[in-house]
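Enquirer: Sequence:
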Amino acid sequence: MSTASAVGSVMVSRSGCGESASLHFLKVASSAHMRTPSRRLPRLRAGFATASLTRIRWVFLFSLLWLLIAGPADAQLVNLALNRPITALTDTVAGVPEDVVDGDPATTWWSYQGTVSTLSFVVDLGRIEPFIAVVQHPLQSSEFSVDISSDGTSWRQIHQQVLSFSANVEVTFLRLERPRARFFRYTASNAETAYVGIVEFQVYDTDRIFVDGFEGIPPRQTSHQARLW
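For the sequence shown, the residue numbers in this note's numbering are 26 to 254.
None of these hints come from the bench; they were simulated from the model.
For every residue, glycine included, the Cβ atom is placed at its ideal position computed from N, Cα and C.
Be careful, since some hints might not be right.
[To be verified] Simulated restraints, written as ranges between beta carbons of each label pair: (1) A131 x T178: 31 to 41 Å; (2) V187 x Q138: 11 to 21 Å; (3) G177 x N108: 11 to 21 Å; (4) R203 x G139: 32 to 42 Å; (5) T218 x S179: 30 to 40 Å; (6) T218 x R152: 33 to 43 Å; (7) N108 x R181: 18 to 28 Å; (8) A216 x R152: 33 to 43 Å; (9) P155 x T218: 34 to 44 Å; (10) R203 x V118: 31 to 41 Å.
Whenever a hint applies, use it, and build me the whole structure from the sequences.
Expert: This is how it looks when you write it as structure tokens:
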């Protein structure tokens with residue numbers, strides 16, 4: 026079991042192997058015949074408009090969550106963090122920080138800081154980008170958090186989550202308000218004496234959500250179950 030907290034975010038945790046996942050949005054057709062409400066029936070028309078917007082929001086949300094979990098393989102997005110510059114904020118035990126953004130689920134970066142089991146890094150997208158999903162695969166982590174920044178100085182936390190130490194699950198959380206950021210800071214830790222690892226950290230954009238043919242989320246792996254001490 027895991028718990029998460031982030032204002033305006035939707036979190037999905039998954040485990041297993043051999044299954045690919047990607048994001049795709051259903052186009053909700055907006056009415057081309059909406060006019061300014063008549064002065065004679067303002068409340069009635071406003072009521073219909075509110076009800077319609079509410080239905081659209083629910084359809085949008087459930088469609089997004091469903092397609093995230095079991096969507097078609099050709100509904101894919103661009104990983105903005107792929108091969109982007111990464112700065113390690115903690116020491117390296119095994120692997121290299123670049124393993125986190127190389128798109129290869131077979132590589133892992135293991136880290137610590139002093140005598141504390143902590144892993145942290147910053148990914149630079151190169152420019153301020155809108156995004157709607159962040160995917161990470163932490164290992165031997167009891168909790169993690171993600172902060173964003175436009176300038177690398179002022180940070181805002183967008184997600185914090187407590188995990189089962191041995192779960193080793195891929196975690197995806199969504200930000201439906203479409204925030205914009207250039208820098209992403211990831212921090213994970215555990216209360217054990219084991220080192221902390223991460224397989225991949227991915228950021229998916231929203232500008233091209235209705236276009237197919239982009240690079241999608243790689244298949245989840247379960248080949249990282251061994252404990253590294």
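Enquirer: Please go over all the hints and tell whether each is borne out by the structure.
Expert: So, going through the hints one by one against the coordinates:
1. A131 x T178: 31 to 41 Å: For A131 and T178 the Cβ distance comes to about 35 Å; the hint holds.
2. V187 x Q138: 11 to 21 Å: holds, 20 Å
3. G177 x N108: 11 to 21 Å: holds, 19 Å
4. R203 x G139: 32 to 42 Å: holds, 38 Å
5. T218 x S179: 30 to 40 Å: holds, 34 Å
6. T218 x R152: 33 to 43 Å: Taking Cβ atoms as reference, T218 and R152 lie about 40 Å apart, which means the hint holds.
7. N108 x R181: 18 to 28 Å: Holds, at about 25 Å.
8. A216 x R152: 33 to 43 Å: At 37 Å between Cβs, range holds.
9. P155 x T218: 34 to 44 Å: Since the Cβ atoms of P155 and T218 sit about 40 Å apart, the hinted range of 34 to 44 Å holds.
10. R203 x V118: 31 to 41 Å: holds, 36 Å
Violated hints are absent here; each numbered hint is respected by the structure.
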